[in-house]
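Participant: Respectively, the protein sequence lines represent chains A and B. For what it's worth, this note's numbering labels the leading residue of the first sequence as 1, then goes sequentially. For what it's worth, this note's numbering labels the leading residue of the second sequence as 1, then goes sequentially.
Please keep in mind that the hints were generated in silico from the structure rather than gathered at the bench. Remember, predicted model here, so these are calculated numbers, not experimental data. Glycine included, C-beta positions come from ideal geometry on N, C-alpha and C. A hint or two may mislead.
Unchecked claim - Here are the in silico distance ranges between beta carbons for each label pair:
(1) A:R145 with B:A41: 24 to 34 Å
(2) A:A33 with B:E132: 20 to 30 Å
(3) B:I40 with A:R148: 49 to 59 Å
(4) A:R300 with B:R198: 35 to 45 Å
(5) A:A190 with B:G120: 33 to 43 Å
(6) B:R198 with A:E296: 39 to 49 Å
(7) A:Q26 with B:P206: 40 to 50 Å
(8) A:A63 with B:L154: 51 to 61 Å
(9) B:G120 with A:A257: 34 to 44 Å
(10) B:L24 with A:R124: 46 to 56 Å
(11) A:G156 with B:L24: 26 to 36 Å
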Amino acid sequence: MSAILAIDGLSVEFRRAGAAIGALRQVGLKVAAGECVGIVGESGSGKTQLGMAVMGLLPANAAASGSIRFAGREILAAPRALLQSLRGAKLAMIFQDPQSSLTPHLRIGVQLAEVLVFHRKMPRRRAQDAALAMLRRVGIDDAARRMRQYPHELSGGMRQRVLIGMSLLCGPDLLIADEPTTALDVAVQAQVIGLLQDMRREFHTAIVLISHDLAVVAGLAERIYVMYAGRIVETARAADLYRGPRHPYTAALLRCAPRIDAALAPRLDTLPGQPPNLALPIEGCAFAPRCWRATERCTRERPLLLPADATAQAACHHPLCA
Amino acid sequence: MSAPPEDLGPLAPGLWRGAGRRLLTDRAATAALAAIFALIAAAIIGPHVNPNRFDAIDWGNIAVGPSLRHAHWLGTDRLGRDLFVRTLLGTRISLAIGLVATSVSLAVGIVYGAVAGFAGGRVDHLMMRVIEILSGLPLIFFVILLTVVFGRNLLLLFVSIGAIGWLTMARIVRGQAMVLRGREFIEAAVAGGAGPARIIFRHIVPNVIGPVIVYATLTVPQMILFESFLSFLGLGVQEPQASLGTLIAEGAAEMESAPWMLLVPGVVLAILLISFNVLGDALRDALDVKEH
Numbered sequence: 001m002s003a004i005l006a007i008d009g010l011s012v013e014f015r016r017a018g019a020a021i022g023a024l025r026q027v028g029l030k031v032a033a034g035e036c037v038g039i040v041g042e043s044g045s046g047k048t049q050l051g052m053a054v055m056g057l058l059p060a061n062a063a064a065s066g067s068i069r070f071a072g073r074e075i076l077a078a079p080r081a082l083l084q085s086l087r088g089a090k091l092a093m094i095f096q097d098p099q100s101s102l103t104p105h106l107r108i109g110v111q112l113a114e115v116l117v118f119h120r121k122m123p124r125r126r127a128q129d130a131a132l133a134m135l136r137r138v139g140i141d142d143a144a145r146r147m148r149q150y151p152h153e154l155s156g157g158m159r160q161r162v163l164i165g166m167s168l169l170c171g172p173d174l175l176i177a178d179e180p181t182t183a184l185d186v187a188v189q190a191q192v193i194g195l196l197q198d199m200r201r202e203f204h205t206a207i208v209l210i211s212h213d214l215a216v217v218a219g220l221a222e223r224i225y226v227m228y229a230g231r232i233v234e235t236a237r238a239a240d241l242y243r244g245p246r247h248p249y250t251a252a253l254l255r256c257a258p259r260i261d262a263a264l265a266p267r268l269d270t271l272p273g274q275p276p277n278l279a280l281p282i283e284g285c286a287f288a289p290r291c292w293r294a295t296e297r298c299t300r301e302r303p304l305l306l307p308a309d310a311t312a313q314a315a316c317h318h319p320l321c322a
Numbered sequence: 001m002s003a004p005p006e007d008l009g010p011l012a013p014g015l016w017r018g019a020g021r022r023l024l025t026d027r028a029a030t031a032a033l034a035a036i037f038a039l040i041a042a043a044i045i046g047p048h049v050n051p052n053r054f055d056a057i058d059w060g061n062i063a064v065g066p067s068l069r070h071a072h073w074l075g076t077d078r079l080g081r082d083l084f085v086r087t088l089l090g091t092r093i094s095l096a097i098g099l100v101a102t103s104v105s106l107a108v109g110i111v112y113g114a115v116a117g118f119a120g121g122r123v124d125h126l127m128m129r130v131i132e133i134l135s136g137l138p139l140i141f142f143v144i145l146l147t148v149v150f151g152r153n154l155l156l157l158f159v160s161i162g163a164i165g166w167l168t169m170a171r172i173v174r175g176q177a178m179v180l181r182g183r184e185f186i187e188a189a190v191a192g193g194a195g196p197a198r199i200i201f202r203h204i205v206p207n208v209i210g211p212v213i214v215y216a217t218l219t220v221p222q223m224i225l226f227e228s229f230l231s232f233l234g235l236g237v238q239e240p241q242a243s244l245g246t247l248i249a250e251g252a253a254e255m256e257s258a259p260w261m262l263l264v265p266g267v268v269l270a271i272l273l274i275s276f277n278v279l280g281d282a283l284r285d286a287l288d289v290k291e292h
C-alpha cells in the first residue's frame, strides 16, 4: 500500500516572548491510503500541532522544518494556493468542538452546499441535492428540515455528524479528526466513532484520529502513535499496543483509562508529575522524571525510536515486555 | 460621541427576532422609531402639502411669526421665504447627508476593519497607524481645504463627511474581527479551503453586523450634527438650498427679534438627534445577549 501521508523529521517551534517552544521534535509518521491511524498523548504532547502542520494551519509564530508529503507531494513549504486547493477537497479536518465549528449565520444546507459549489464548481441546485444525500448518509433524521436550520438549532452530536458529512463531501483522501468526540457525551461519542468507521469503509478515506482518549482511538485505529513532549515514543498495531505496551508512558496511559469493570477498585490510577517544560532543553528521556523504571542512563541519553518487532517501535532504554 | 458597543459576539438569527420584539416593548425606542419615520415621511411629503416654494419670496410677509391664519404655518424668514417648507427641505437634506455619510462610513469601515482584524500582524499594525494619522488630522481644516480645492457641492460634502466617519467604524469592526478570527468556525473554514477574501466576506462580515448596526444608528446623528456644524460655519449647503444647520445659523442671527426662526429648525434637529440616539441605545440593549 502506498502512503497517502508521510511525515519525516518534522519539527515545529513556537517563538513566544524570546523563548522557543519545541512543540514537535523530529516526528516521523506514515499513513497508508484508507488506513486509520491514531495519535494519542496528553494535552501539550504536540498531537494537535501535528494535525495543524499537515493542514498548513500553524500560527504565524511557528517555524516548521522537516517534510510532510501528501500523496507524494511535499506540502510543508508548499505555496498557499496549493494548500488552499487541497484543503477541504483532498485534505479535510474536523475539530474538537462541533458547537463552534459551523458558521452561526448560515443555514446547514447552505454551508454544506457551499463546499461543493466552491471546490467542485457544482451548480447550487445539484450541490444542495448532494448535501441532502450526505446528511441522510451520516444518519441525520429529517434531513430536509435540518438543511433549513441554523447550527444553534442542532444538538452537539448532530453538529458533529454534519461536520463529518461536510468534510467528506468532496471525497478527501485524508481526514484529520482532532478530538472529534471530546465535546460529546459518551453515548454520542460511540455513535460518532461508529459513523467515522462506516464513512471510512464507504469513502476509503484515510483517517488520522487525534485523541487523548485511548478508548476512542481503540475503536477505530489500526495503528497507534503515542506522543510525549513533542516526540513519538511508541508506535504499534492497536491490538498489540493494548496487549503489551512497550513504553512505560503508554502503559501508564492505559492504566489511567477508567474502566467500568474496575469500578470497584478504590481509586483511579493517575500519572504523577507534569509533562516537561517545552521551552527548556530536555536532556535524556523526556519521560524519565515521571517514570518508575528510569535509571541514571535515562536522564543522560535520549532513547531513539527503534524497531521492537516487525510492526512496532519504541523509544525506551528499558522497555516493558521486551 | 458615545462609547463603542462592547463585543456582542456573532448573533444567532433567532436572536434577531427576539431583539425585534424586545425593541418594540421598549417604549422610548418605539417612540424614537415613530418620530424618525414621521420626520422622514414629513420631509418627503410635507413640501407638497404647503403651497409655498422653498425659494419663493413673499414680499408681503417678511419675517412673520407662526400662525395658521396665513399660508406660512411656521412663519417666514428674513427674506419672506416659508419656514415650514424650508425646514422640511432642510430635514430632507440633513437626513440624506446623515444616511449617505453613514453608508459610506459603513462600507469603508467594515471592509477596512475586517481586513485589518483578520490579517493581523504587520498588516494590521500598518492599517491601524493609517487610521490614527487620519483621526489626528483636524477635521474642519480638512473639509475647508476640500471645499477650497473642489468648490462647494453637495456630493463632496457627503463624501468628505463619510470619509471621516469610517474611522471609528473600522476600529469597531477590527476588534470584532480579531475576536472572530480565533473562533473555531473560522479555523474550520480555513481548513475547508476558503481563502482570505472568502473568509472575510462570508464568515466574518455577516457576524459583525450586530455591533455595526448599533454603531451605525449612533453615527447617523453624528453625521447630521457635523453637517449642521459645517453649514453653520457656512461651509455646507449653499443658498437657496437649506439644511437644518443653515436654517439654525440664519435663525440664530435673528434670535432676539424672531425666535421662531431658530426654534423651528432647532426643535426638528433636536428631535432627530435624540430619536436616533435613543434608538441606537435601545438597539444595543436589545441585541445584548448577556442581559437576556
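Participant: So does A:R145 sit 24 to 34 Å from B:A41, Cβ to Cβ?
Facilitator: 41 Å, violated
Participant: Is 39 to 49 Å right for how far apart the beta carbons of B:R198 and A:E296 are?
Facilitator: 57 Å, violated
Participant: Evaluate the given range 20 to 30 Å for the C-beta pair formed by A:A33 and B:E132.
Facilitator: 54 Å, violated
Participant: Could you check the hint for me, namely that B:L24 and A:R124 are 46 to 56 Å apart, CB to CB?
Facilitator: This hint is violated: roughly 36 Å between Cβ atoms.
Participant: Do the Cβ positions of A:Q26 and B:P206 conform to the proposed distance bound of 40 to 50 Å?
Facilitator: Holds - the Cβ-Cβ distance for A:Q26 and B:P206, about 43 Å, lies within 40 to 50 Å.
Participant: Has the hinted range 35 to 45 Å been met by the Cβ atoms of A:R300 and B:R198?
Facilitator: 53 Å, violated
Participant: Tell me if the beta carbons of B:I40 and A:R148 are separated by a distance inside 49 to 59 Å.
Facilitator: 35 Å, violated
Participant: Given a hint of 33 to 43 Å, does the C-beta separation of A:A190 and B:G120 actually sit inside it?
Facilitator: 39 Å, holds
Participant: Assuming the hint says 26 to 36 Å, is it satisfied by the Cβ distance from A:G156 to B:L24 or not?
Facilitator: 33 Å, holds
Participant: Falls inside 51 to 61 Å, the C-beta gap from A:A63 to B:L154?
Facilitator: The hint (51 to 61 Å, Cβ to Cβ) holds, given that A:A63 and B:L154 are roughly 55 Å apart.
Participant: B:G120 and A:A257, beta-carbon distance inside 34 to 44 Å?
Facilitator: 40 Å, holds
Comparing the model with each numbered hint stated earlier shows that hints 1, 2, 3, 4, 6, 10 do not hold.
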